[in-house]
Structure formats: structure tokens, C-alpha cells
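A.B. asks: Each chain, written out:
Number of protein chains: 2
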Amino acid sequence: MSIVEAVSAAIGSFVIGSLAAYLIEQQEEKEEEGKEEEETKMKENIDDDDGKIKKKKKKNTWRRMFFKEAKAEAASVAGTAAPKAVKMYTRLDVAEHDSIEKRVWCSYKENVYDVTDFLDNHPGGRDLLLLAAGKDIEPFWRLYQAHVNSDVAMEMLKTLKIGELDLEKEPKVDVDETDPYKNDPERHPALKCHSAKPANMEPPLSLLRREYLTPSSLWFVRNHSPVPIIDAATHEITIVSGEQSQDNLNLLRTKAVINLEHLKKDFEKKTVVATVQCGGNRRGGLDLIKKSSGTGWGEGAISTAKFAGASLRDVLEVHAGINLHNYERLGIKHVIFYGADDMRASIPIEKALSPFGDVLLAYEMNDCEELPRDHGYPLRVIVPGHVGVRNVKWLSKIKLCSEEADGPWNRGIAYKGFGPGYSSVEGLNIDSVPTMQEMPIQSVVAEAENISLSLATTSKNDDGEKRTVVQTSAKGFAWSGGGRAIIRVDVSANKGLSWQTATLKEGADQPLSKAWAWTFWEIDDLEIDASKLKPGDEIKVLVKAVDASYNAQPEGAAAIWNLRGLNNNSWHAFTVKVEE
Amino acid sequence: MSIVEAVSAAIGSFVIGSLAAYLIEQQEEKEEEGKEEEETKMKENIDDDDGKIKKKKKKNTWRRMFFKEAKAEAASVAGTAAPKAVKMYTRLDVAEHDSIEKRVWCSYKENVYDVTDFLDNHPGGRDLLLLAAGKDIEPFWRLYQAHVNSDVAMEMLKTLKIGELDLEKEPKVDVDETDPYKNDPERHPALKCHSAKPANMEPPLSLLRREYLTPSSLWFVRNHSPVPIIDAATHEITIVSGEQSQDNLNLLRTKAVINLEHLKKDFEKKTVVATVQCGGNRRGGLDLIKKSSGTGWGEGAISTAKFAGASLRDVLEVHAGINLHNYERLGIKHVIFYGADDMRASIPIEKALSPFGDVLLAYEMNDCEELPRDHGYPLRVIVPGHVGVRNVKWLSKIKLCSEEADGPWNRGIAYKGFGPGYSSVEGLNIDSVPTMQEMPIQSVVAEAENISLSLATTSKNDDGEKRTVVQTSAKGFAWSGGGRAIIRVDVSANKGLSWQTATLKEGADQPLSKAWAWTFWEIDDLEIDASKLKPGDEIKVLVKAVDASYNAQPEGAAAIWNLRGLNNNSWHAFTVKVEE
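Keeping their order, the protein sequence lines are chains A and B. The number in the numbering used here is simply the position in the first sequence, starting from 1, with 310 added. The number in the numbering used here is simply the position in the second sequence, starting from 1, with 310 added.
Derived by calculation from the structure, the hints in this document are not laboratory data. Fair warning: there could be bad hints in the mix.
Claimed, not checked - Covered stretches of chain B, as calculated for chain A (at least 3 residues, CB under 8 Å):
#1 645–658
#2 662–673
#3 728–736
#4 792–800
What the hints assert, rightly or not - Pairs of lysine-lysine, DSBU-like flavour, derived with a Cα cap of 30 Å:
#5 Lys601(A) / Lys770(B)
#6 Lys643(B) / Lys824(A)
#7 Lys600(A) / Lys805(B)
#8 Lys770(A) / Lys601(B)
#9 Lys616(A) / Lys502(A)
#10 Lys471(B) / Lys492(B)
#11 Lys850(A) / Lys600(B)
#12 Lys805(A) / Lys850(B)
#13 Lys643(A) / Lys616(B)
#14 Lys805(A) / Lys600(A)
#15 Lys580(B) / Lys805(A)
#16 Lys824(A) / Lys601(B)
#17 Lys616(B) / Lys479(B)
#18 Lys600(A) / Lys842(B)
#19 Lys770(A) / Lys600(B)
#20 Lys643(A) / Lys580(B)
#21 Lys565(A) / Lys575(A)
#22 Lys850(B) / Lys601(A)
#23 Lys471(A) / Lys412(A)
#24 Lys600(A) / Lys850(B)
#25 Lys805(A) / Lys600(B)
#26 Lys580(A) / Lys824(B)
#27 Lys824(A) / Lys580(B)
#28 Lys842(A) / Lys600(B)
#29 Lys643(B) / Lys616(A)
#30 Lys492(B) / Lys579(A)
#31 Lys824(B) / Lys709(A)
#32 Lys643(A) / Lys579(B)
#33 Lys601(A) / Lys805(B)
#34 Lys479(B) / Lys507(B)
#35 Lys815(A) / Lys842(B)
#36 Lys850(A) / Lys601(B)
#37 Lys412(A) / Lys482(A)
#38 Lys824(B) / Lys824(A)
#39 Lys643(B) / Lys580(A)
A quick note: this is a predicted structure, and the numbers were derived from the prediction, not measured. For glycine and all other residues, C-beta sits at the position ideal for the given N, C-alpha and C.
The following block holds chain A by itself, in its conformation from the complex (with noise of 0.2 Å):
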């Protein structure tokens, strides 16, 4: 404990009292406005009849409830000045402490809270900061500036304290220096993990619809081998022409190779905002139907940043003296990326050099000047509206081919795309179908309200029949390969009986054919048949997009159910439960 934290703590319970008080004023200045709101939005409702459905607010009694008793804990805290015995827990401690029914812990510093009373006051929502039950909150902290931009969040934070970590009881982590993934970063402790080593783990749902731009810590992990440990200032690529077209090796300038100082110094910096997808995203969709074959990815295996580097067509043109105007002659129908990790996979020659194509050899992310080693550090390849394994990380190579990568990820089985027929690679002749390289139409649900009953209305609609709705609310994103902007998104409540359309928010004045990146969506009116619903019942909010080539997602994931689990783009659904 620094001079300054004791100092802090000594005057600690008067600066809680006063600042709780505070917090409980300006939350009650909140809470009659939401009143004042609330009555005039009922009367809307009694004067509405018109024949549709306004919908009303929640009136949330339980935060009010919660401030109340702060205020009077706090009042207590303030009237007496002695410090109470700081109890002493172990990380184990905090980590036990994962769920509601055990108490939900967690650790800031060298102090431990628990939160579990705090939940429904999370401005961010309960389901947020149960993702850090039993962990320490830094890191969830850092993904959102509000927590650190202004004292609120620390102030109430203190008012949760139950103890301190014992940093002397600190479990000590033996590191096996055989392990070769010993060297891998730390990864963000929201990421579900599905395999350690290598790291597959994708963000959960609630996070990923948060930003526009997915926070680089968020990002869905998909290594395949141990993280490469690069030095950026000695890292070469090399760019070569395949054995396919060494009568031609003559015209290219030379062997060239470059590093990340030429990249950044000899080509304009451009800026790709992209979206990059697993081809195994959704997978554990298809695995419900029939256990497929790889990571059973929920709906997270997909993200969003800013890249920037340099343009593979201008790198191409200027080190490999190949262009639109002499591929074809020399033979040239496919790029090969290869990574510092042992991987390879190729892209065709025309989307390398399309003055349309935006293929970034990319050295930033997010505004960050260096890549995280998760992500390619020091360089990776951008592939904009192809599938992510396309996106090549760690960059040594690129050569120049008459053919495909050879390996899994071209020739291979690992992204071609089956008929459902096929449970086993026997009798499929692998050669029949192309890899992946462009995906199709996507969408999610991300997150949706759970439906109060209490907040039904009744009316008569022209015909005099009486309907008995509520409305619930509903957000996620879109996206579909080679650069086809969403163009519509439909939500529907009755297992795609009707739909409604939603609103196209960020990411939605995309170009038509450039939209490399997603398009949130969201609808505040979805309305549900309340006539025979129940509390406890639960009903699917589904989604199905629209992109600009007017390709439609398939209903079902039977349908599309394939031997490698590849692009499960069926209609996405989210469980919402209906309450009193």
C-alpha cells in the first residue's frame, strides 16, 4: 500500500459518505426525470388509439431501491470514523466467487468487492459485470474509458469493498520451460476459451456489439501454433515467384526483400476499417445438428478494427514489378502468404491487384501503433471480405504462383464446403470443391430485452380484432464477404412467421461494393403475440440479412450442414425469457 492509498484510506470512510450521498443525489435528480418521462409516456399510452402499441418504460425500482440503502449505509459510514478490520482473501477466494448464488466477487488492485447487490445498477447491465465474477475488473475497466475518465466508477467501487488480496498468499505460477507456448501474451479474461494452446477464444456477445471498433483485446483469437516472437526491427519478408513460373523469374525486379521500415517509409499509409470472420464462426450451431469437425465457435469468431499499412498491390508493383497489365501473361493466378507460425494460405492474384480490392500488409490496429502479438505483430495481411484464415499473421513470405497454397488451408480440406450428405471424408473427392475465400451473408442477434408481461398493452386494429402485444428491443451486427454492404435487416419474434425490418446503424453508409467492415442494427419495437404467453415461457428472436448482390441467409442449419463446419449463416436466434 503506497503513502498516497494510505493516506486515502485513513480519510476513506468520509470521502464514501460524502461521495455516496452525492452518487444517491444526483441518481434520485435521475430518477424523477425518468418519472416525469415515465407518466407523460403512460398517458400516451391511454390517450394512444390509433390502434398501435406505444411501448412503456420499465420502472426500475430496484435501483432506486438499492440507493436508498447506500445512502443510509453511507450516512453510517460518515457518522462513525473509525476504520473497520480489514478482512484478507487469496485470489482463490475471488475466483470462487463466480456466480450470484456464491456471491459475486471481484478483485481491483489489491482489493476485493463484492458486487452481487450492485448488479442491477451496473449502468452497463448485470450481464456485463458478471463476466468478471471471481476475476479482476482492470481489464474490463480499460476496455471502457468511462470507468477511469471520471471518479464515479471508483467512488461507487469503494462502497462494495469487503477486503483486501493477500499478496503474500499469491498462488506463485511454475513456468514449464519446455512449454512452447510459454511465450504466448496474457489474453483479456472476458475471451471464452476454447482451446489454451493453441489459443481459439472469442469474445462473448454482450462486448462485441458494444464498439463499432472491437477493442484489439477483445478480438477473437485463432492461433494455430505458439505466438512467434518477432523483433520488428530485424523482421524480414521476403517476396518471391512460385516454382510454377521460374521461366518468368527474369521479370521480376528481383528476389526482393523488405522490411517493416520500407513498408512504412516508401508507401502511403492507408487505412482499411475490416471486419474479419472466422470460417468456422457459428460452428457450434451446426455441431447441435451433428458434431462437426473443429472448434465449436459460438457466434464471437468475428471482429472488427481500423488496420493500416501499406497496399499489396503498390508492394507488389514496386518490389515484384507485377501488375494488372502483365499477370496474366506471366502466369500469376495466386498470392501466398506465409506466417512466421508455419502458415500458408493464398488469395487469387485478382484480388491482390484490383484497384478495387484494398489488401493491406497491415502494421497498426485501432489507432495502436504496433499490432498485438496476438494479431500479427509486427505485420499481417488484411484481406478485406474474405474469410479470416486468409488474413495471414506473422508475415515472412508472399510468393508469386500459378498455383494455390499447398496444406490444409487452400488444397486442403480445412475450408472447403461439403454437400450435408457427406458425414466423412470418404468418397468426397477434395479437388471437386474450391476453398473459401469470400464468405457469404451473416448476422447475429446480439443482444435482446427479456419481455415484461406487465407491459402488454391491448387494442383493436381496424378489423375490431383485439391484440394483445408487447414490444421488445433487439441489437446486433451484420456482414457479408467480398465487400457487399447489408442492405436490410429483418427480426422476427414468431419463428419467422412475420418480420419486422430494423434500423442500420453504424457501419451502414458503407460503399455498396467496399463495405468491408459490419453494420450494426437495432429495432426498439419488435412486437411479440403476448396473448398466451406465460412467465417463465421463452421466445427466439431470429434475424436474417440482406446484402447488396440480394443474397438472403438460409433458414435452417441442417440444410447447410457440413463435414468441416464451415459458414453456419442460417438464421441466428436469441433466447429472451418472458417475465411477470
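Guided by the hints, dock chain B onto chain A, whose structure is given.
C.D. replies: Structure of chain B alone, referenced to chain A:
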């Protein structure tokens, strides 16, 4: 009747007799070969104990019977030299005989034939011959050179002669001189007419899958007005910049005026094999859910041809000075095409300028030196991979513009797909959805064989379960917009519970990202569980395809229903009958 024909008629009975005898002998030889092959196959079936079911050949006893009768008749004709008295009919008499119930008659030049008993022996199948029922058979023969390249078809037809046309009784057609459509070209009698004025016609599926390049006379016709009368020798095409880029007009080398001679002389003749599909193809399927608006097309508003002409990209560079390097600076975003019929439609400038766009100003179709009048004579635009309406016919003007074309076909509702929830224009924000350009993945079953229960076989699988199955065969086509190749076609005969992958045929070798034309597919071992089938049942053969971006087709039409009836690419079904 010419002298040659008169002589022919005089010796007719002998010729018919000997030729018929010859035909019958040939047929019997083939039947014998078939029999042997069949016996071998049946033996294989008996020997076959590996659990797999092999297909049995159907014994065409009807064809044998027909030829036996014809042989007897021919012999009797050969024996009597005197010609019978000729019966005379009118075209109306022929037209009345257009079904098996009424007997099937056709005319060819001035002769009348009853082809009813030949239906099942027609080498192209009875359905194909039935298309000509009650009609003149010549336009159908012209489609298939086999009929005219040898005498066999004509000689066979002669055996079916029942009389001659009384040309003096031909009904006179009064031309209404005020009819704006009076100069429209004659159309092929096989086309199904949705509307004659303007012409909206589609070929029957049975003809559409026969030739990879759809014969020009069979192409679907989708006109908005009378076909313009244009003198190719004097026809001019102007190229201008639009109102929005007036400031940059000086950057256009000139307001160019070009003609067909310029295009042919100054520009390399480029060739593109492209499939063109109407945005409303298969609208009839959506109308079954709920009536949408527009022509209720079947599956035939799609056709394929080899087009030749000048590259739009080259023309824009040479005559307007517009290229990839300056279009953005000039603020050019769209290329608007104007037809002499007052149609106007635009495409994004990126498609026009892309080195991979292949947009043509086409003056040839299917190796014929002129476009047919219905298909844009003398010049049309071919925008490969985009919806039919962008392929403007009778091209008269090209405008480079910062905005898309005004009018119904771009900014209006005509080619915009709204959510299934919108049943009327009320409440629609028309600007909120972009107009169609590239089209989605599509596939159709064009032919499928009826199911013969007599061919069902029972076997045991590896688990000892008994299975009674029968096989059928099917053929069709698949296509996707944006040049995305067809990579897989799945076929199901059990409502989509299981799928078999079809074999890709013609068109399967197109480049993955520049597959402008359809891909033919076929399957000859589609298995059907025969255990509960009985004669008279009907089975739906379903198809769905996957393109190079792994987009799949949606299952049902309801969830993609839209007010304008666009883009029905739900699984296509073809009904076959179950026979003894």
C-alpha cells in the same frame, strides 16, 4: 406445290415405305443392343450384394410396338403405288388439335401431320414435341439442327401425314395501323406469353436446359415498349457527362457521338458468354404466397448467350477520357444507359471501369452478326453478373453521372427488395434500400424423370436394415450474380431431409470470380425411399446451389417475399410422378 415436290409426292409412297422399313431395321438393331446391355445390367444387379443399388434400364416396349406397327403399315404402303386422296385442313383445324385428348396435330410447310402416336418415340421426348402441338413445326426444327441436317426426321414425319393445308382458306390478319406494336418482330411459338404488348415471354424449362447457349429465338423477352425501329447504318450513340459533373465537362475530351461502324472498327471485338436473368424470375413462386406486383414469371426469365462487342471500359477511356485514375476526382459514380425505347438504367462506375467487369457494348449474339430486334438491335449493353434490367437494349446514350439514373428502374421501387412485412408502398422509405445490381445465387431443376416403382430394389445396408429404394435423374442450371462461380449443387427428393451432390457440367470450368454464365448440372442416381410410394403419388425434386462466396439459397419463399416480387431464389422444386 413445286415440280420437285410433285414428283416427290408421286414416288412418295415407295420412298416412305422403304425408308420406314430402313428406319425400323435400324431401330430394331438398336433395341437388340439395348436388350443385351440391359440383360448385363440386370445380371449385375443380381450379383450385386454390396448393399448399393444400381440403376436398371427401362425397357421401352412402347417404342418397339410403334415401330412394328409402322413397319407393317409401311410394307402395305410400299405394296400399293396409288396415292390416297388428300384431305384439306385450315390452320385453325390444326390449332384445335393441341392435346393428346384431341389428338396432336402439327403443320410443316403445307402439310398436316398427326403426331400423337409418335409422341413417345420422339427422340427428344414427348414433352418437347408437345410444345409444337397445334402449331407449325418449322420454328422448333430450326432450333435443333438434327432435324434438318439429315432426312431422317422429315422421312419419319411423312409417315404421319394426314392431309394438307388449304392455303386459300388462310384467315387474313388485319394489321391495325394505329397499333404501336404492329412492327414488333415475330416470336418463337414455344415462348410462353405473359404479355404480348409489350412482349413479356419466357421459354419453357424443357427447352432451356437443352443447349448451353440459349438459341436467340428462345431467349426470354422482357420489353417495356414496342421494339424500336432502328437503322443501324445511321444510328448514333452519344456519350455525355451528367448535370452533377458540369464543372468537369471540360475534362471530357468531347461530347462524343459514335456509331456502330466506329465501335466495330476502332475497338477490339471482345466476347463474353453471359447469363442474363430478370429480377422477377420465379416471381410466380412468390405470388403463391401472396400476390406481389409485376409479371408472374416462371423459371424461364433467364437465358445465356455469347455476346460480342466493344468493351465499355475502352470506349469510356477513348471517347470520354474516363478511367480508373480520374473517375473519383471527377465525381463520377454511375454510368447511365438510355435505350431508344425510353428505358434508362445505371450501373456503378466501378463495374464499368473494373478490369474484371467485362461490360460490353454488344452488337453480336450467338455468333450471329446482328442482335435480334427483340434483344437490342443494333446495340445493347451487357453487364455480366447484374440483373437483366441493367443490360439496356437499343442503346442510344451513355451518361457519366454523380447520381444513379432517375425513374423507376434505379431510384424507384421497381428493383428494390423490401422486407416481407411490407405489403404495400404505404410507410415505405423507398430511398432506404438500394436498387438491385448483382444478383444472388439461383438454381432450377429443368427436367426430372418420373419414378418407376417397377425399378425399385430392396437391399440391406451395413446395419442389416432393409431398404427399398428407387432412383431418378434430374437436370438443371445454376447461376449466381457478380461472376461468382457455382461450386456445388445439392438435390433432394425427401423435402430436404437429405441431399445428394449433383455433377457440374457445362460452365463448371469458368473462372471462380468471373463466371458470368450459368453452370449446367445433372444427377442420375437420386435415391428415393420407395417403401411407402404408390402409383399416382407425386415427389418434389428440390435443388439448391452454393456459389464461390459460399452463399446458399434460402429454403422457403415466404421469408423472402417482397412487394415487388424480386429475387425469388428459394429452393426450386420440380414435381415428378410415381408410376407403376
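A.B. asks: Taking the earlier hints as the rules, which of them does this structure contradict?
C.D. replies: Structure breaks hints 1, 10, 15, 16, 17, 30, 35.
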